[in-house]
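S.K.: Please build the complex by placing chain B on the supplied structure of chain A, with the hints as guidance.
Chains as they are written, first to last, in my numbering: chain A, 1 to 315; chain B, 1001 to 1315.
If you're looking for bench data, these hints aren't it; they were derived computationally from the structure.
Glycine residues also receive a C-beta, built at the ideal position from the N, C-alpha and C atoms.
Errors might be hidden in some of the hints.
Said to hold, decoys possible - Computed cross-link-like contacts, PhoX-like style, restricted to lysine-lysine with a CA-CA straight-line distance of at most 20 Å:
id, chain 1, residue 1, chain 2, residue 2
1, B, K1052, B, K1094
2, B, K1175, A, K175
3, B, K1178, A, K175
4, A, K178, B, K1062
5, B, K1087, B, K1052
6, A, K93, A, K62
7, A, K220, A, K230
8, A, K178, B, K1178
9, B, K1052, B, K1062
10, A, K61, A, K93
11, A, K52, A, K94
12, A, K220, A, K279
What the hints assert, rightly or not - Over the 12 Å line for every Cβ pair with chain A, so calculated as not near, a few chain B residues:
id, residue
13, S1150
14, E1282
15, L1283
Protein chains: 2
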Amino acid sequence: MEYENHAMQSLKTAAHQNGPLCVGLDTDPSYLPAQVVAQFASPEEAVLAYNKALICRMAEKKAASCFKVQIAYYEAQGLRGLEVYAKTLAEVKKVGLLSIADIKRGDIAATASAYAKAHFSGDFEADIITINPYMGFDTLKPFTEYCKKSPAGASKGLFVLLRTSNPGMSDIEGKELKAGGRVLDAVGSELLALSHDFTLMYETQACSPVGAVVGCTEEKDALALRNAYKDIFFLIPGYGAQGGAARIAATLLLQSGGVVNSSRGILCAYKKDALCLTKERELTLQDCADAALRAALFAKEELLSAKRALEEAYA
Amino acid sequence: MEYENHAMQSLKTAAHQNGPLCVGLDTDPSYLPAQVVAQFASPEEAVLAYNKALICRMAEKKAASCFKVQIAYYEAQGLRGLEVYAKTLAEVKKVGLLSIADIKRGDIAATASAYAKAHFSGDFEADIITINPYMGFDTLKPFTEYCKKSPAGASKGLFVLLRTSNPGMSDIEGKELKAGGRVLDAVGSELLALSHDFTLMYETQACSPVGAVVGCTEEKDALALRNAYKDIFFLIPGYGAQGGAARIAATLLLQSGGVVNSSRGILCAYKKDALCLTKERELTLQDCADAALRAALFAKEELLSAKRALEEAYA
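The following block holds chain A by itself, in its conformation from the complex (with noise of 0.2 Å):
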């Protein structure tokens, strides 16, 4: 077969019919109500439960584009916490949708290549990762190895650290260049190197297999990075419970697009849930589960409007 998708495009299609929303499954054991917990065996599965039965509901609602694990909250309860993300990835790509594994791995030559491996095949094998620039722009190339045409099967795609939601982002990211600049425009340099490159075997394709990170926490940073790196698709987080707002993640909506980030507003939704707060018995894991989804659809339209409102201001 001459031609062959990536899983960037993939998901930019999978944004288009269902929504930028991105749910964010950030699981800590500590976010569910402890009854709901002490029903299950361990933490971890309850952990498991939760995070199919949210997957299973937004795949059938059409409520997200895809789904963000983040595995440190994984790591975090050792080896059960790890075949959890494991499953947990496994059911994303049961019910079809695609799977982005936040783990800002980085580093170098053949360190790099174990964790391409490692989360690009096997047990912990996702559609998309996130990846940490820090140590130079040849440890990203074991990586995109992994986002070239292949005739065993979708390519992988990536996400690269360019501009994150937490204020500490001065301390490295934003600092001025001597030679112009900031950090992240290095960076951001290095993606528009390899978005052209990307063109080149992806000739049909709309967007590069390698997207950025770019948190939604400023709006004149959102539109000076969004019109910087128009071709880029983003993954934005910072929206929701992080304090971002719908309108900064719509700016980055435009051009490319991208797909928007929430967990623990989505997650946690329960807590603020009209629905939950004035159940008169102790709430269900169903019960969890449905008040995210609410907020989960809730999010896309929000999401949907504040894009619509700024491209019809644009037109």
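M.R.: Structure of chain B alone, referenced to chain A:
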């Protein structure tokens, strides 16, 4: 108890007693002869047996001060690989030496806390971990919490990426800042500030629990960094298989000192070991481990004599 030790000070003491060699257990199954791997139920079992043999021999002969376990090689083998990773860390603990988990994690807020919990407790507990500071200095805090004095036991240590040993270090770490210095100096300044804070906490201690990763690839840079960060303990990669020289490593061992990692130079020593090369039968796991011990003792002596030569030159 008023006084509590922390892992970095214990490492400094161990380096004084056993020499500065850190044996890197980046044990990919392909590093072992195929017939050795074939004798085990799985490649993961072979890796575990080799790691155990190395850890015991190095401890017995005081060839090394510590072991650096590169988690990427274990992640690449999935859940079974991570089980071997956990057992390897446990084995290091059993022989009374220190473990450095080379994980290069880095993330924000609650996610960083999850990583800290993952690698400073439970299945994957290590004494010291490596950290990527790219996302900003707020991301270090959940890790430094574990470095504080605690009645619960020995506190932990960190090695923060400062100047890595790959060519790509010039892409970000080595970039000149508009405000002066390089990006890595912004990280270094933060390490000095942390060191100051910890000096007040551990007044009788000789070093900060927060060290730095400084590759031994360029002599001029090594000397500059050693002088700029006199009080910081270094983890020094790039010696041996990566091409760094003993003299550059020795430069970095001056002042507050450090430990020098060698991974493939030791793990794959059997490939260049005269006794192994002249064996008339197939190599066994024990042959490989014996060759690794010889290589480690050679490296230890090479590093110690290079350091003595420098100390005499500077005296």
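S.K.: So, for every hint listed, does it hold in this structure?
M.R.: Checked hints:
1. B:K1052 / B:K1094: With Cα atoms ~10 Å apart, K1052 of chain B and K1094 of chain B stay inside 20 Å; holds.
2. B:K1175 / A:K175: Given that 20 Å is the threshold and the Cα spacing comes to 10 Å, the pair holds.
3. B:K1178 / A:K175: holds, 8 Å
4. A:K178 / B:K1062: violated, 47 Å
5. B:K1087 / B:K1052: At roughly 9 Å apart (the allowed maximum being 20 Å), K1052 of chain B and K1087 of chain B satisfy the hint.
6. A:K93 / A:K62: This hinted pair holds, its Cα atoms lying about 15 Å apart.
7. A:K220 / A:K230: holds, 15 Å
8. A:K178 / B:K1178: With a Cα-Cα distance of about 4 Å, the restraint between K178 of chain A and K1178 of chain B holds, given a limit of 20 Å.
9. B:K1052 / B:K1062: holds, 15 Å
10. A:K61 / A:K93: holds, 16 Å
11. A:K52 / A:K94: Within the cut-off at roughly 10 Å; holds.
12. A:K220 / A:K279: Violated: K220 of chain A and K279 of chain A sit about 43 Å apart, past 20 Å.
13. S1150: holds, 19 Å
14. E1282: holds, 26 Å
15. L1283: holds, 22 Å
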